[in-house]
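Here's the letter readout for the chains.
Protein chains: 2
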Amino acid sequence: MPIKVENLHRLFDPRSVAIIGASKNPGKLGYHVMKSLTEGGFKGGVFPVNPKETELFGVEAYPSVADVPHEVDLAVVVLPAQAVPGVIEQCASKGVKGIVLITAGFKEIEDEQGAELQTEMARLADQAGIPIIGPNTFGMANLHAELNASFTPEFSQVKKGGISLISQSGGMAHMLAFLAMKQNVGFSKIIGVGNRCNVGFAELLEYLAEDESTGVIAMYMEGVDDPRRLMDVARSVRGKKPLLVYKVGRSEVSDKASRFHTGSLAGQYKVYQGAFRQTGMLAVTSLEELLDTAKALDLCPVPEGNRAAVLSGQAGPGMAACDVSEERGLVLTTFSEETQERINVALPPLALRSNPVDMGPAWYSPEAIAEVADAALGDVNVDGVVLCIAYASANIGAVDALSDVLKGWASRKPITCCLSAPGEIWREGIRSLEEAGVPNYPTPERAAAALGNLWRYRSLAMMGS
Amino acid sequence: MPIKVENLHRLFDPRSVAIIGASKNPGKLGYHVMKSLTEGGFKGGVFPVNPKETELFGVEAYPSVADVPHEVDLAVVVLPAQAVPGVIEQCASKGVKGIVLITAGFKEIEDEQGAELQTEMARLADQAGIPIIGPNTFGMANLHAELNASFTPEFSQVKKGGISLISQSGGMAHMLAFLAMKQNVGFSKIIGVGNRCNVGFAELLEYLAEDESTGVIAMYMEGVDDPRRLMDVARSVRGKKPLLVYKVGRSEVSDKASRFHTGSLAGQYKVYQGAFRQTGMLAVTSLEELLDTAKALDLCPVPEGNRAAVLSGQAGPGMAACDVSEERGLVLTTFSEETQERINVALPPLALRSNPVDMGPAWYSPEAIAEVADAALGDVNVDGVVLCIAYASANIGAVDALSDVLKGWASRKPITCCLSAPGEIWREGIRSLEEAGVPNYPTPERAAAALGNLWRYRSLAMMGS
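Protein chains in written order, with our numbering: chain A, 1 to 465; chain B, 1 to 465.
These are calculated hints, taken from the structure and not from any lab test. Among the clues, some could well be false.
Copies of the same chain look alike in the list, so a pair counts if it works inside one copy or between any two.
[Stated by the list, open to error] Within a straight-line C-alpha distance of at most 25 Å, the following computed SDA-like cross-link-like pairs (lysine to any residue) qualify:
(1) Lys256 / Thr54
(2) Lys160 / Glu6
(3) Lys24 / Arg307
(4) Lys43 / Val5
(5) Lys240 / Pro63
(6) Lys182 / Ala394
(7) Lys182 / Trp426
(8) Lys240 / Tyr364
(9) Lys240 / Gly186
(10) Lys24 / Leu179
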């Protein structure tokens with residue numbers, strides 16, 4: 001029986017959670033899962049299950065899930081592999097709607113018993129119609145529900161936002177989440193698929209495509225079991241929500257490692273790339289590009305075309321942004337006569353006033369730089385803007401000067417920025433811009449690449465329509 | 001008369017500094033320069049020059065540089081362009097050894113008068129043998145001398161280290177410095193060449209090649225006036241100190257902008273690339289790559305060969321590192337039998353134990369992961385190691401467990417890391433590793449690219465020998 005999307009809704013948005021294998025020993029994953037669930041702000045019921053304890057983390061514990069005197073929507077399981085089939089039967093009897101199975105030691109191990117256990121477990125779960133995230137996963141977090149069903153309490157610190165991550169590696173999901181915390185990028189769900197018992201990329205895509213709090217779906221992929229099914233689902237999502245994918249295995253040795261690690265079909269990097277393109281999935285080649293692009297897709301409108309304007313506070317960052325813009329398929333547009341006239345009036349003759357525009361000479365005139373930005377954003381020949389300014393103490397007012405104009409255009413045209421300053425300087429201004437839909441990046445190259453990828457997404461989406 | 005390198009030594013390491021055009025008005029650059037010099041910790045004499053003030057920032061001010069009753073080694077000039085030739089004559093009479101000329105409005109402006117002023121000024125400076133950094137620059141900072149002769153007080157917050165930057169863009173130099181602050185990368189000198197009156201890339205390379213506190217020279221370049229001379233100097237530095245260069249102008253539009261901005265020969269990106277390769281300069285293509293590579297070259301020994309080992313705390317980051325390693329010309333080595341045996345003993349069979357090595361299954365055994373790292377680093381078939389670990393609360397001890405082994409090998413083989421954790425976790429451990437010569441990066445891809453670039457530098461240096 002295939003897993004129904006409704007059951008996944010309940011799994012990710014449970015009213016109550018049982019932790020089967022909860023522990024008070026920090027050397028056990030069951031301890032860290034309890035910590036995540038009790039400290040993460042989850043408002044529903046939390047029921048530790050451990051036959052040796054009566055209480056854990058100040059919460060009453062139960063000998064088995066059957067003994068919990070309430071309904072249990074989600075069970076997080078951290079018991080040894082051998083105990084898992086029995087636990088699934090108990091969960092089925094209890095009416096549990098979904099399981100996060102953190103336990104490792106199934107088909108990824110050399111011992112045949114692991115594969116047999118996984119088959120048995122899948123049979124029991126399918127019979128009961130219970131979707132299982134895992135096994136061999138860190139778990140998952142639903143930030144909007146303040147649910148952290150993982151062994152990493154720090155996931156609760158990730159900001160709420162519209163990006164949902166499906167990751168085939170716990171390590172990569174953690175690294176992405178830590179980058180997101182540092183760069184203030186918001187997530188909806190962080191999901192470790194692990195070894196995919198009955199819930200893989202395809203099932204999660206179907207669910208997330210319908211999930212209202214997910215605006216962008218980002219994937220880290222090593223290899224999939226059923227590429228046809230994934231392609232079918234991706235096609236059905238095309239044009240509705242952006243699908244981003246970072247697939248490793250470009251090199252022979254990492255391809256081999258990925259087969260070993262996930263026990264799935266890896267290989268044929270180019271074949272995967274072709275499939276992604278055909279089905280409208282946007283492929284990226286690094287963890288930072290995955291995050292940068294997802295952030296832009298979550299915050300910005302998609303550009304109508306590839307005509308970009310580069311505005312900068314100093315000439316150098318503008319040139320760096322131009323190089324990357326052109327490499328990423330953007331065209332540095334020619335401004336309309338009217339726009340050019342407005343810019344020429346705002347800036348002195350010694351500035352670069354065509355495209356890229358160097359606003360440096362107008363540092364002391366907030367009105368002038370606001371006028372330049374408004375002129376460029378309003379130009380019918382401009383589909384998106386890259387804006388790069390390095391702080392120097394004399395231009396400290398630049399972000400405030402531009403804020404209203406950028407916010408005013410943010411819902412109509414994509415604007416990607418590199419507003420670069422030390423310490424706390426500009427931090428509030430940048431945060432407020434990001435809340436209004438204007439993402440900021442650490443370098444001009446990354447700001448330009450983000451706009452380029454918005455355009456790449458747009459072309460992929462159009463190809464399918 | 002060509003500028004002598006001795007004079008540059010005094011310019012960058014002055015006993016006293018006059019600020020000609022110092023101001024108490026925060027709307028003037030002369031204010032910010034005063035702030036940089038008085039708050040940056042400089043131990044030498046600071047003499048503001050302003051005919052309208054008797055005191056500035058609590059320091060006695062003088063009507064002209066001639067009136068300063070002490071020797072003046074360095075003059076920082078922030079007066080309007082028209083006043084500059086006169087000031088240079090005064091500096092010559094006073095015996096000033098070097099000038100940082102922040103003033104803009106010379107050959108970069110459309111008005112012919114700007115070019116004429118610059119010619120006149122260059123004639124006077126050359127006559128007196130005074131090297132001039134600028135005009136049209138933010139200035140420079142010598143971190144080891146606690147000298148901040150720029151209009152950006154925040155440069156003083158950059159950590160002391162071995163990287164010296166020569167930048168043809170103030171914006172890019174600022175952005176690089178802000179990235180360095182966030183990532184705790186240490187610098188020796190940060191220099192904005194501006195419009196190059198009589199000190200350009202070639203002169204600064206000659207100086208920095210001899211400068212003891214400079215271990216790596218990083219350049220941001222738009223275009224040079226005398227490529228032959230630069231190539232000659234680069235050849236003479238080859239094999240002595242790493243020269244890194246980020247040249248913009250890959251795209252036509254940014255090439256055009258760079259000609260306009262710096263008034264110099266830009267163009268012919270590929271010609272430049274050929275010249276860099278021939279003379280042993282390592283070319284990079286982004287600001288982050290410039291910083292990442294400079295950091296690795298500053299901290300690590302250069303690898304003897306291109307045989308890499310990838311060790312990771314989780315399989316995914318290891319695969320990402322492998323992909324980039326191979327793309328960057330590294331070869332994932334086969335361990336010696338002895339090494340493989342040591343790793344097989346340390347790790348359980350369900351782990352990836354060849355190369356890449358997944359140390360994940362040994363999370364709870366600090367001795368085992370230390371043994372794996374020591375075995376890999378000691379292998380005669382290994383020239384360098386990429387190490388990637390994502391924090392999860394259960395492996396919080398990983399950095400401590402590895403620290404002694406990594407520090408023990410750091411001076412013999414390059415080790416580039418991505419130790420990724422949220423907030424303060426691992427921060428001290430990472431800092432202590434970096435002090436011992438083990439650089440850390442935000443992602444596995446950037447750690448692998450850094451090792452790849454160390455190897456690329458090594459091959460370029462060898463080609464010249």
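Outcome of the hint check:
no. : hint            : in the structure
1   : Lys256 / Thr54  : neither (47 Å within a copy, 74 Å between copies)
2   : Lys160 / Glu6   : within (23 Å within a copy, 57 Å between copies)
3   : Lys24 / Arg307  : neither (58 Å within a copy, 45 Å between copies)
4   : Lys43 / Val5    : within (23 Å within a copy, 69 Å between copies)
5   : Lys240 / Pro63  : neither (46 Å within a copy, 69 Å between copies)
6   : Lys182 / Ala394 : between (27 Å within a copy, 21 Å between copies)
7   : Lys182 / Trp426 : both (15 Å within a copy, 15 Å between copies)
8   : Lys240 / Tyr364 : neither (44 Å within a copy, 44 Å between copies)
9   : Lys240 / Gly186 : within (20 Å within a copy, 46 Å between copies)
10  : Lys24 / Leu179  : neither (30 Å within a copy, 41 Å between copies)
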